[in-house]
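There are 8 protein chains.
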Amino acid sequence: MSYENDIKEALAAYKAGALSDEEVIARFHQLNMTDLGFAKLDHDRSLRRGFPEVVYCEGKTISQAAAILTVLASRHKNVLGTRASEELYETVKPSLPDAVYYERARLIVLEKEPLPKDPDRKIAVITAGTSDVPVAEEAAVTAEIMGNEVIRIYDVGVAGIHRLLGKVEEIRSANVIIVIAGMEGALASVVGGLVDKPVIAVPTSVGYGANFKGLSALLGMLNSCSAGVAVVNIDNGFGAGRMASIINHLR
Amino acid sequence: MSYENDIKEALAAYKAGALSDEEVIARFHQLNMTDLGFAKLDHDRSLRRGFPEVVYCEGKTISQAAAILTVLASRHKNVLGTRASEELYETVKPSLPDAVYYERARLIVLEKEPLPKDPDRKIAVITAGTSDVPVAEEAAVTAEIMGNEVIRIYDVGVAGIHRLLGKVEEIRSANVIIVIAGMEGALASVVGGLVDKPVIAVPTSVGYGANFKGLSALLGMLNSCSAGVAVVNIDNGFGAGRMASIINHLR
Amino acid sequence: MSYENDIKEALAAYKAGALSDEEVIARFHQLNMTDLGFAKLDHDRSLRRGFPEVVYCEGKTISQAAAILTVLASRHKNVLGTRASEELYETVKPSLPDAVYYERARLIVLEKEPLPKDPDRKIAVITAGTSDVPVAEEAAVTAEIMGNEVIRIYDVGVAGIHRLLGKVEEIRSANVIIVIAGMEGALASVVGGLVDKPVIAVPTSVGYGANFKGLSALLGMLNSCSAGVAVVNIDNGFGAGRMASIINHLR
Amino acid sequence: MSYENDIKEALAAYKAGALSDEEVIARFHQLNMTDLGFAKLDHDRSLRRGFPEVVYCEGKTISQAAAILTVLASRHKNVLGTRASEELYETVKPSLPDAVYYERARLIVLEKEPLPKDPDRKIAVITAGTSDVPVAEEAAVTAEIMGNEVIRIYDVGVAGIHRLLGKVEEIRSANVIIVIAGMEGALASVVGGLVDKPVIAVPTSVGYGANFKGLSALLGMLNSCSAGVAVVNIDNGFGAGRMASIINHLR
Amino acid sequence: MSYENDIKEALAAYKAGALSDEEVIARFHQLNMTDLGFAKLDHDRSLRRGFPEVVYCEGKTISQAAAILTVLASRHKNVLGTRASEELYETVKPSLPDAVYYERARLIVLEKEPLPKDPDRKIAVITAGTSDVPVAEEAAVTAEIMGNEVIRIYDVGVAGIHRLLGKVEEIRSANVIIVIAGMEGALASVVGGLVDKPVIAVPTSVGYGANFKGLSALLGMLNSCSAGVAVVNIDNGFGAGRMASIINHLR
Amino acid sequence: MSYENDIKEALAAYKAGALSDEEVIARFHQLNMTDLGFAKLDHDRSLRRGFPEVVYCEGKTISQAAAILTVLASRHKNVLGTRASEELYETVKPSLPDAVYYERARLIVLEKEPLPKDPDRKIAVITAGTSDVPVAEEAAVTAEIMGNEVIRIYDVGVAGIHRLLGKVEEIRSANVIIVIAGMEGALASVVGGLVDKPVIAVPTSVGYGANFKGLSALLGMLNSCSAGVAVVNIDNGFGAGRMASIINHLR
Amino acid sequence: MSYENDIKEALAAYKAGALSDEEVIARFHQLNMTDLGFAKLDHDRSLRRGFPEVVYCEGKTISQAAAILTVLASRHKNVLGTRASEELYETVKPSLPDAVYYERARLIVLEKEPLPKDPDRKIAVITAGTSDVPVAEEAAVTAEIMGNEVIRIYDVGVAGIHRLLGKVEEIRSANVIIVIAGMEGALASVVGGLVDKPVIAVPTSVGYGANFKGLSALLGMLNSCSAGVAVVNIDNGFGAGRMASIINHLR
Amino acid sequence: MSYENDIKEALAAYKAGALSDEEVIARFHQLNMTDLGFAKLDHDRSLRRGFPEVVYCEGKTISQAAAILTVLASRHKNVLGTRASEELYETVKPSLPDAVYYERARLIVLEKEPLPKDPDRKIAVITAGTSDVPVAEEAAVTAEIMGNEVIRIYDVGVAGIHRLLGKVEEIRSANVIIVIAGMEGALASVVGGLVDKPVIAVPTSVGYGANFKGLSALLGMLNSCSAGVAVVNIDNGFGAGRMASIINHLR
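Protein chains in written order, with this note's numbering: chain A, 1 to 251; chain B, 1001 to 1251; chain C, 2001 to 2251; chain D, 3001 to 3251; chain E, 4001 to 4251; chain F, 5001 to 5251; chain G, 6001 to 6251; chain H, 7001 to 7251.
With the rest of the complex left out, here is chain A:
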């Protein structure tokens, strides 16, 4: 009963003459978009971009977010909700019993048909410290549900550079690298200098006073002296995972 099946059914009915030209177009239109008033769900995106619309849950009421997740789950195989509270998860659980909640990453994941993963094209997710792990998990789980093998290398910040150097081979085995760091964000520059793969840097809001909620790491990463580093928003693990997945699926 997924969106793809509905499209195929409509096409078959049209071919069989059961639907006129006008009818099949109207059917397509209706299938493509669910309008909830406060939100417009774009089902066609799963075809166009290889994955259903992701729900950014923060700023929505519990009932809005729950409605959106439920509608998407009724039409797609795999659904992802980011910045999801535990309360939201408890609300949607009865209708989506297979959904999993990643508490630290604040993700709700429904993965009915996991996408295939290419073992030769891994994404490495590296953090400077333990406090960066929640953002890292948001990135890693996002990359996984989007069909990527993920290597996790946590707590290898530059203050003890040998911890990082001991992992260089493992890092170089990856195809795309996500570096997650707060404070001064120096890890991105060091990793960027060690590899010839694209580095997606995620500044985190971790640190003492003058990190100004992630500004220090953000500016640090934007000013990285290593080429081959590009940056996403502060604490935006999802964005990094999504970007890395897009790069990793290029052929």
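The hints are simulated quantities; they were obtained by calculation from the structure and are not laboratory data. Treat the hints loosely; a few may be bogus.
Stated by the list, open to error - Straight-line distance between alpha carbons at most 20 Å, and here's what the computed PhoX-like set of lysine-lysine pairs gives: (1) C:K2122 x C:K2167; (2) A:K213 x G:K6213; (3) C:K2213 x E:K4213; (4) D:K3213 x H:K7213; (5) A:K213 x E:K4213; (6) F:K5213 x D:K3213; (7) H:K7093 x H:K7117; (8) B:K1077 x B:K1112; (9) C:K2213 x G:K6213; (10) D:K3213 x B:K1213; (11) E:K4117 x E:K4008; (12) D:K3093 x D:K3077; (13) A:K213 x C:K2122; (14) B:K1093 x B:K1112; (15) G:K6117 x G:K6077; (16) A:K93 x A:K77; (17) G:K6093 x G:K6112; (18) H:K7093 x F:K5213; (19) B:K1213 x H:K7213; (20) G:K6093 x E:K4213; (21) D:K3093 x D:K3008; (22) D:K3122 x D:K3167; (23) F:K5077 x F:K5112; (24) F:K5077 x B:K1213; (25) A:K122 x A:K93.
As the list claims (entries may be wrong) - Some chain D residues well away from chain E (every beta-carbon gap over 12 Å; in silico): (26) G3059; (27) A3067; (28) Y3101; (29) I3153; (30) N3175; (31) M3221.
Nothing here was measured: the structure is a model prediction, and the numbers come from that model. For each residue, glycine too, the CB sits at the ideal point set by N, CA and C.
Once you've looked at the hints, dock chains B, C, D, E, F, G and H against the given chain A.
Quick look at chains B, C, D, E, F, G and H alone, frame taken from chain A:
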């Protein structure tokens, strides 16, 4: 007489017994690094990262930058100098007669053996306005010298969205996309929503007062509502071209 | 017993000789201004500006805000309280039983004699996402109580530009347009390029880290590459609704 | 030989059978857009928005800006170049002998067929000080070329409030009001409280150190305690003139 | 038992020969300073500056603040605690039964011998809005306990300039003026232009998003186009009251 | 031929019957305000505030500033131009031969009838360093022309606290104190703690990188731990001199 | 069973032939690093830097922090946890009964074998106010556990400079000085000018509005006019204590 | 004829009875301080702090700076002028023929009796790039004239970490380390993690747009994840050299 040849010669001499163990290692060391006092040139990088060290000329004196470019040119086939003044170009021209100067992009390019380009993997460079073109050219020429076909699509900012929509097919034909915009930087979000390829966004310092030297576009792009967008530094065309090339050469 | 009636009564008494020159002036003065010590209520404004003074409730104590609302309600037909807490609403409800509370918009509305609305001059309220809806409702309800037809078009952000393009005709049917967006605020530029009507842009504080409580959308909108866009304060739905209403009532 | 005539000619030829369906569409396309490589000129805009594309000259080379102005002038009756240097004016003068240069406003204006102006719908342009006049002239001349009567009221800042109060009747006679002020930008709030017309506020970068290039006036105006005030970018006189004109032409 | 009496007693004992040179100096030292470890109380200040040390209670623990207040009260006639919580007041009340708590101003006041007030030298405390009243009360009560007559004029912001103009005579009757405003802080400039007395401006953190916790009012007031305005810290009612009192006591 | 004389003449003519009621009022109006189009000169201010309007020359063209200075000089005894360039001075010198130019303070001073100065009420102008002297001179000369004795105490910054302590008696002899400092602005706090007189603090833009054009000193002074300190704009020596003079003339 | 003993045991076994070359290296590796997945503990650091890894507890979950502390305590004599909540302390107390909790400094300290302290090389910890004491205690306790004598001199801010001057001899007796201040941070400059010892300055987030969470003190200290002052992060008492200890142990 | 000799002469004269008590004190006073009006030179400082007052030349006029340098040179053996222009050097050269000018470091150095240097206590000055060299030279020359051996290690930024790792032994041989870096400033963290010596970090204003004149490196270094790092002002090579020298001379 390039670096690669020197390495091979040393290995051959070693095999032939003309160089001892210690001698060949010392020779390697000497070949790998030219120490000019104020700068350490890392010739091995062209092997490790597929391209020689790029020279960021700003902040260096004319004589320092000229010395670095000349040394690199004596050891490598292709050399790139960024943020280069015309005065610097005039200084190095006598010793590097094949060097080309891109005035608006402020690049010095020496391309003795152009790298091969895969016509099926193009990089699109898109600007919002005409004022963004210098940064775009820095990105485009960088990508070209690093071995990529480039499509230039200039002046398609979102204030006249049909100009952009008329180019969607051309944009979608690219493998990696660089979006360059000042003011509010909205072009990155709109392009990001139209394609399923990685978008590298470059904020520029173009605009009226409250763009605060590129801050508005920078924040706009970091906060892009489209996934699949990552950002480099303000006016950093080189960084975008380099990042796009790294992604484009993944196999 | 409204303010307008009181003025008329005083004038009649004056004409009839029941009030001397001095007395009628003192009466006017007394009618125009209620001085509560901590607040000076300016009743004449409803004549001068077509609507009674609006109460900005934040920063006032519950009892101050309740007193102001109650006095205004005793003198005017329609009253609006913005940034009102539910607790305030519960406090004023007994004395103002007809007042309505809009929870997400945080408005208290008392509308005893709704102002007439011109169906040919509509105000469109457009949001980029679902999370912008509370600010949008503040704008929309403000515009409605000030005598305007409102069209709501929510969740049409630029990441999926076809959702917006599908609404262009509806947007163009409006006389004034309010665009509400967080993150990079790009929607204002795109809409501004599609219409030849004034666009009032409201940045919201919705988004990940580097939106810095709305700064990214604010700067984005101020730097809009589309002419015909002006900006109000972050999250200031009321200001946008009021401004749009003033423009919409120009003849 | 204007764009409008070309369109009409093409339609006549089509009706007469001289052009096929494909030919007339191609002709339309060619007429609508001049592609200069570094810029795409959108001639259709003069029909859609009532005025030709305005050229923002800053950031373009002299030769780029001159080329764009010349092409537009060959196709349209009225052309406006903003942020234009005297050098640019000297460059285009030979080919556009009727163009006028407003030095302080930095505008190049070519007005072959002035648009009609409604004497009952005036735009008032008000400045706090003499130093704000260049921005004010950019706004005023923009509004005039777009078909509006303009009243100029300069140097009536709030430090001497009686200068402003003496002008209240004149200000109230306008339909739309542009307030231009640097320093603290307080004039916008005071004017906003005196009128029931829309106020477009333009912060300027005029002032001592802590105005931080216009930030103080910008924040002041965004936080105006008067409703009915919306803000454009720092020093953006053109944007204010354009916005005021759009509002003033609503019917 | 106040500090002044203790000093006099010691001097008398010294004169009478009961204390040696060394003893009287040691006695002075001990009288001047109470060292609580975490705080050094400087009793001599009441002589030097005409008032005892004021206790800034925020950032201190309840027990620290209570200890300081109690020691000061045992040695001085009048004591002032700023930024005091109700919890602190409840803690000190048993030992300081005459202390009064001003809830909105967050002041604890112990005034055993009120200082004389010169009725011809009044301090006016003016606010733009009702939300500024807590800061205004901090300023007003501070000025009063330091021996000044205070006139309170609240809610006369510039959005309704006639409310302010109606109070000009009252304002001009004061010797020193404190202006308290949030949002754009324009009231300081307007008042500064109406009087020839010193204006102490206090920005408040009242307002919508882009006031950035008082930054907009702070910058507005620092950039006041009226001479004769100086500024204290955001929400610093105490500082304004203290400064005004110092000025008001100049002879 | 000064403004005051003109007023008296008009009154005499009125008394003598040579001017009607309407004529004398019109004459007053004409005398009070010279409208130069780009500027409105308010001659009445010299009566109301004890000094003619001061001309802030920056941001005005040379010819505008010269016109304003010349008109004021024709009507008033003493005229002050701030932020005046040497070029402006050379321009006005022929018509104002008595005008003096203070190069480092960038002031043009015309002092035909110096105001009386009370030797018992001095204003002390103190700088932290030699680099702060230009701002200090702007303050000192302003205070002098407005009728105040000035003590200059330069280069007594807190890094060598004994230099300051050696001047305490001299500082305490003043009635009002202006403290001028760049870098961290600490001098204001230290002086504020040593005196019981009002301190007007002027941050300067002097210093290494992270002073951010005076922001460090500005914030430092606003956060002064000493009560009795108020702040004017960065580098605003004039504002400090004017404020100090107003305070110093209170009776 | 500490880390040092384990190393010695392994070496002895190796010497005795009980461990092969490979085995002893693997044993070293295993001893050096405990990998908890979310954290990599680097035991060798206690040898290299003279002290075990310090645990920054903020941003870690209670269970993560507790695990790290427990592992470290099993291998080292002295352990320090910073930014520790009381809840964390309650969690680790059962397994680490000797651990002490410093509530205001938010430190967990386990000190089984206190390091020796050189009484001739003291570190002075000085605060401007009482509110700075928590940060000061973080610095002081850190310095003590790292083997330094500490002198505490609290509440000697520059507003009452004689309190500080009375402590100069005591301050000069120290070898390294830590200055902790909020507001304008002036104490660092004044102390820096009084001594010829290194001053480590710690800005705190104490103060009224425009201290912007410590920015004012941070900028003030960075711009200190006294040489010999270097700055650590806002509220970073630990960093100051650590830095002072490193300097103090230089020989 | 140095200051020290003058003091000794005066003491001898006093001992010999040639000077009275009053006379010798007055003589001391006169010797200690030269008052040039715009500057107060504190000769005693060379005794108290081991070195004469350093002249910060920026912001002073050429003639002021020249006067100060000349006076100091007449009284002291060694003099240092920072931020000195070539023009200043040309001005003082005739009177100070032994003065040396360091162009890139912008230092004027007069070193008549070089201070002794301890070869076992070196200061390492490390830069990330070539563009940081001018600041590094300011630090290095400052440290040298203050009596320290200096090791220069330039262009070892973290983008090529092996360049740095190859220098670790050399770095560890130093007693104090100065790290100078622009862009993200990551070098400070990496070095801080490799050594157990104090690291003084100097952010530079080198880099692309979003380094915001050194802010990125400043925040990066303040947020360094390595303990043992303290920061001085942006581009403040002198401050770092001075601080390192103070630390290096501790015994």
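Taking only the CA atoms, is the gap from K5077 of chain F to K1213 of chain B under or equal to 20 Å? Violated, at roughly 46 Å.
With a cut-off of 20 Å on the C-alpha distance, tell me whether K7093 of chain H and K7117 of chain H pass. Status violated; Cα separation ~27 Å.
Given the proposed pairing of K1213 of chain B with K7213 of chain H, does the C-alpha separation stay at or below 20 Å? Within the cut-off at roughly 11 Å; holds.
Does the claim that G3059 of chain D lies off the interface hold, with its Cβ farther than 12 Å from every Cβ of chain E? holds, 27 Å
Starting from K3093 of chain D, check that the Cα of K3077 of chain D is at most 20 Å away, please. holds, 16 Å
Sort out whether K2167 of chain C lies within 20 Å of K2122 of chain C, counting only the CA atoms. Holds, at about 15 Å.
Hint consistency between K213 of chain A and K4213 of chain E [alpha-carbon to alpha-carbon, up to 20 Å]: holds, 16 Å
Take the C-alpha atoms of K3093 of chain D and K3008 of chain D, compute the straight-line distance between them, and say whether it is at most 20 Å. Answer violated: K3093 of chain D to K3008 of chain D is near 30 Å, above 20 Å.
CA of K5213 of chain F to CA of K3213 of chain D, is that 20 Å or under? It holds: about 11 Å lies between the C-alpha atoms, which stays within 20 Å.
Is the straight-line distance between the alpha-carbon of K213 of chain A and that of K6213 of chain G 20 Å or less? Status holds; Cα separation ~11 Å.
Would the hint linking K3122 of chain D and K3167 of chain D be met if the CA-CA limit is 20 Å? The hint holds at about 15 Å.
Would the hint linking K3213 of chain D and K1213 of chain B be met if the CA-CA limit is 20 Å? Given that 20 Å is the threshold and the Cα spacing comes to 11 Å, the pair holds.
Of the numbered hints given earlier, the model fails hints 7, 11, 13, 18, 20, 21, 24, 25 and 31; all others are met.
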